[in-house]
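For the record, the sequence lines run as chains A and B.
Using this note's numbering, the final residue of the first sequence is 380, and nothing's skipped along the way.
Using this note's numbering, the final residue of the second sequence is 458, and nothing's skipped along the way.
Don't read these hints as lab results, they were simulated from the structure.
These numbers come from a predicted model, not from an experiment.
Fair warning: there could be bad hints in the mix.
[What the hints assert, rightly or not] Result set (SDA-like, lysine to any residue): computed pairs, CA atoms no more than 20 angstroms apart in a straight line:
{"no.": "1", "chain 1": "A", "residue 1": "K200", "chain 2": "B", "residue 2": "S196"}
{"no.": "2", "chain 1": "A", "residue 1": "K200", "chain 2": "B", "residue 2": "K6"}
{"no.": "3", "chain 1": "A", "residue 1": "K200", "chain 2": "B", "residue 2": "A143"}
{"no.": "4", "chain 1": "B", "residue 1": "K146", "chain 2": "B", "residue 2": "G220"}
{"no.": "5", "chain 1": "A", "residue 1": "K200", "chain 2": "B", "residue 2": "R334"}
{"no.": "6", "chain 1": "B", "residue 1": "K146", "chain 2": "A", "residue 2": "G139"}
{"no.": "7", "chain 1": "A", "residue 1": "K200", "chain 2": "B", "residue 2": "S131"}
{"no.": "8", "chain 1": "B", "residue 1": "K146", "chain 2": "B", "residue 2": "S196"}
{"no.": "9", "chain 1": "A", "residue 1": "K200", "chain 2": "B", "residue 2": "R447"}
{"no.": "10", "chain 1": "B", "residue 1": "K48", "chain 2": "B", "residue 2": "H103"}
{"no.": "11", "chain 1": "B", "residue 1": "K6", "chain 2": "B", "residue 2": "A352"}
{"no.": "12", "chain 1": "A", "residue 1": "K200", "chain 2": "B", "residue 2": "G436"}
{"no.": "13", "chain 1": "A", "residue 1": "K200", "chain 2": "B", "residue 2": "G220"}
{"no.": "14", "chain 1": "A", "residue 1": "K200", "chain 2": "B", "residue 2": "F134"}
{"no.": "15", "chain 1": "A", "residue 1": "K200", "chain 2": "B", "residue 2": "D132"}
{"no.": "16", "chain 1": "B", "residue 1": "K6", "chain 2": "B", "residue 2": "A335"}
{"no.": "17", "chain 1": "A", "residue 1": "K200", "chain 2": "B", "residue 2": "A137"}
{"no.": "18", "chain 1": "A", "residue 1": "K200", "chain 2": "B", "residue 2": "P264"}
{"no.": "19", "chain 1": "A", "residue 1": "K200", "chain 2": "B", "residue 2": "G120"}
{"no.": "20", "chain 1": "A", "residue 1": "K200", "chain 2": "B", "residue 2": "L67"}
{"no.": "21", "chain 1": "A", "residue 1": "K200", "chain 2": "B", "residue 2": "H103"}
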Amino acid sequence: MHLALALNDAGWHPAAWREPTARAGELFSARYWVDQVREAQSGRLDFVTIEDSFRLQSTRADGPDDRTDQVRGRLDAVLIAARVAPVTQHIGIVPAATTTLTEPFRVSTQIATLDYVSRGRAGWHVQTSTRHSDGAYVGPRTIPSSEAMFDEAAGHVEVVRRLWDSWEDGAEIRDASTGRFIDRDRVHYIDFEGPYFDVKGPSITPRPPQGQPIVTTVAGTNAADRFAARSADIVFLTPRDEVGLAQRTGEIDDALADAGRDSTLSRVFADVVVFLDDDAAAAASRQARLDALDGGVYRPDTLLFTGTPAQLSEQLMAWTELGCSGFRLRPGAVPHDLYAITRSLVAELRDRGAVPREYRSSTLRGGLGLARPANRYAAI
Amino acid sequence: MSRPLKQIRLAAHFPGVNNTTVWSDPDSGSHIDFDSFVSLAQTAEGAKFDFFFLAEGLRMREHAGRLQDLDVAGRPDSFTVLAALAAVTERIGLAATITTTYHEPHEVARQLASLDHLSGGRAAWNLVTSSDAFTGANFRRGAYLKYAQRYERGGQFVEAANQLWGSWAADEVLADVDAGEFLRHGTPGAFAFRGSQVDISGEFTVPHSPQGRPVMIQAGDSTEGREFAAQYADGIFTRHGTLEAGQAFYADVKGRLARYGRSPEEMLILPGTTFVLGDTDADARERAHHVRRQQVTGAHAILFLEQLWNRDLSAYDPDGPLPDIDPDISSEARAQGSAAARSLNREAVATARQWRERAQAGRLSIRELVIEMTNRQTFTGSPATVAEALNAHVQANACDGFILVPHITPGGLDRFADEVVPLLQERGVFRTEYTGTTLREHLGLDRAPTGAVAAALQ
């Protein structure tokens with residue numbers, strides 16, 4: 001079983017920052033993020049994702065609210081990841097970045113560079129920007145319809161991936177006898193042409209250590225499923241319950257087959273929001289207290305688990321039977337639920353032989369059992 | 001002299017993607033691996049430098065329609081490297097070169113403000129403007145900006161970024177658990193900038209950063225560039241000339257500041273500077289000649305000549321005489337993506353004739369001529385000689401400091417840090433310890449430029 005941790009603000013509950021142990025005043029400091037990722041690493045989790053959005057957090061679907069009682073504001077996730085990378089050693093680091101509002105060339109070189117500074121532990125959590133007004137962040141630009149937006153996202157990921165491959169391994173030859181630094185026959189234009197943008201290439205950044213850093217995304221709608229199946233290495237599912245989980249793993253398998261993807265080369269995770277205490281009643285009352293503070297019941301868009309780490313470990317073991325190979329755990333509140341994951345849940349799962357005790361690979365790909373891929377441009 | 005001595009500002013430029021950087025030397029390491037960046041940044045921080053500097057190039061350079069394969073090529077993304085360096089350094093400033101032409105102002109402002117938070121107030125950007133369609137081929141916009149409009153966009157880009165950085169009050173985040181108030185007011189970060197080149201609106205997510213505004217340096221010596229720097233920049237990254245040329249440039253640029261309600265010390269003149277050190281001045285000159293031969297190989301010399309001649313000269317012997325044919329001025333330039341190539345544009349035929357005469361008079365081969373005609377090291381000598389020359393330039397108001405460009409990665413600054421910096425410290429013109437924590441504090445730039453024309457002059 002693979003385990004990932006989804007980091008977001010002070011946790012996923014909107015009142016999580018009001019927990020006594022929360023470090024709400026440090027959310028915009030490097031130390032806060034370093035401590036969380038190190039904690040996740042001490043629990044031997046495979047990777048963390050770091051949420052991001054150009055928009056300010058809001059309870060409203062299309063625009064800011066005026067609430068002052070919830071966390072507002074965030075730093076750029078790619079740079080948080082880069083700041084954390086040199087002071088961690090094993091854990092994968094997967095920041096979110098949108099395809100809708102960014103340059104594929106820029107995302108490609110930034111994630112490749114994250115792979116260099118982390119020595120092969122980088123990924124990219126692909127998001128799209130769906131709000132009508134998001135286009136104003138990059139100047140007047142119309143946000144495409146859902147179908148078209150995922151089509152654009154697929155083109156974006158394709159460009160990013162081609163750029164990662166545009167330098168073959170070993171293209172830097174430093175041949176003093178001929179005076180050549182690179183072998184230009186091993187550095188390739190990507191010549192991408194699509195309805196939304198054209199990109200010439202090659203990348204300015206040589207092929208990153210993993211060859212292809214790990215691409216993740218959340219599936220959901222039909223269009224999102226098709227995009228995830230076509231473009232991602234790890235697909236996060238957000239079912240509401242166990243029946244939904246069984247159904248969704250089936251649907252994403254079909255989407256993978258339709259996309260012609262080799263199912264051994266991708267991983268399907270389920271997202272679970274967790275509130276954990278050694279006593280199940282304590283977890284429930286903590287969640288209820290946060291709801292009361294926030295003035296409403298928190299209803300996540302995915303599986304919700306409230307109980308003990310031992311109960312959760314049994315639950316996760318059972319859910320793996322439904323066709324997912326791992327879980328992305330979203331701690332309700334940090335650090336409380338993070339510690340419960342890294343210190344208690346992981347111990348339970350180890351006792352059951354479900355997760356290894358040590359990191360077995362120096363790269364994120366390796367940890368997920370995914371080989372370093374061949375370069376699409378290398379002569380066969 | 002009764003005037004107090006000026007303090008010298010020093011920055012370390014990671015060796016660039018061009019032939020100043022020597023890759024064939026046994027001491028030359030990777031230009032991509034993070035360890036090289038850590039090594040140079042930590043050397044610079046150990047020597048109490050003001051900041052560490054990364055250049056930018058968004059398309060692989062070409063020559064005659066093919067990738068240029070003679071020079072160091074490839075580089076990681078600057079913001080990502082600097083955020084990672086923030087983890088392994090404590091005080092040194094972290095500067096990224098960013099073109100305003102192919103990046104989006106919201107995203108650049110967001111990453112700079114994030115870097116400023118993640119580094120505890122050490123972020124800086126070196127603003128460049130460009131208009132080449134060649135680079136545009138890697139971006140959504142493609143070729144879209146006329147040369148004349150690049151500073152128009154640059155100015156709007158800076159003004160938009162300043163608005164974003166000012167969109168959160170410094171005391172907006174309360175995080176008051178007892179009161180249940182995370183924010184002081186609702187909905188911070190609202191921005192709307194309407195311009196001909198930049199037209200954006202939304203809410204900025206990054207709270208007020210430690211420096212408020214990251215330090216901004218402007219690169220470019222043109223009249224437009226000087227005026228732009230006087231209006232918006234904390235510093236100007238210039239080409240280095242002679243002492244007299246530096247003094248004229250310095251007086252010109254500093255003289256433009258009053259119009260924007262700024263005093264001369266509110267903007268720093270920082271020329272890019274190369275150096276070669278030796279045990280004695282004669283030893284340094286010998287080393288400098290060796291470095292020049294490493295920088296200009298026979299293949300380089302032919303390539304350099306092809307840029308001017310705009311012809312295939314591969315059949316010529318670099319150790320032989322110059323071509324007796326004239327440059328081809330009828331077709332498109334062979335070199336793309338290189339600043340040096342662009343500067344060789346006009347009057348190619350006349351220039352070529354001058355070079356030919358020079359070569360004949362000095363009995364120089366192609367390679368020898370190119371070595372003589374292209375960039376030499378700015379300062380060559382023993383540590384004492386170089387320290388004296390650097391200080392003389394600063395005290396004589398030819399500049400306020402230097403952005404040093406070593407030619408070897410990553411060890412090219414070691415000897416400077418070990419042997420020149422202590423001499424500057426002995427003279428009392430360079431810090432022995434950091435006294436502040438932010439880059440603005442290091443540079444003595446408490447007040448960021450507003451961009452506004454002074455009220456009295458409006």
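Quick rundown of the hints versus the structure:
no.: 1; hint: K200/A / S196/B; verdict: 27 angstroms, violated
no.: 2; hint: K200/A / K6/B; verdict: 48 angstroms, violated
no.: 3; hint: K200/A / A143/B; verdict: 12 angstroms, holds
no.: 4; hint: K146/B / G220/B; verdict: 17 angstroms, holds
no.: 5; hint: K200/A / R334/B; verdict: 18 angstroms, holds
no.: 6; hint: K146/B / G139/A; verdict: 18 angstroms, holds
no.: 7; hint: K200/A / S131/B; verdict: 17 angstroms, holds
no.: 8; hint: K146/B / S196/B; verdict: 13 angstroms, holds
no.: 9; hint: K200/A / R447/B; verdict: 42 angstroms, violated
no.: 10; hint: K48/B / H103/B; verdict: 32 angstroms, violated
no.: 11; hint: K6/B / A352/B; verdict: 43 angstroms, violated
no.: 12; hint: K200/A / G436/B; verdict: 45 angstroms, violated
no.: 13; hint: K200/A / G220/B; verdict: 27 angstroms, violated
no.: 14; hint: K200/A / F134/B; verdict: 10 angstroms, holds
no.: 15; hint: K200/A / D132/B; verdict: 14 angstroms, holds
no.: 16; hint: K6/B / A335/B; verdict: 42 angstroms, violated
no.: 17; hint: K200/A / A137/B; verdict: 6 angstroms, holds
no.: 18; hint: K200/A / P264/B; verdict: 44 angstroms, violated
no.: 19; hint: K200/A / G120/B; verdict: 37 angstroms, violated
no.: 20; hint: K200/A / L67/B; verdict: 13 angstroms, holds
no.: 21; hint: K200/A / H103/B; verdict: 17 angstroms, holds
Hints 1, 2, 9, 10, 11, 12, 13, 16, 18, 19 from the list above are not met by this structure, while the remaining hints are.
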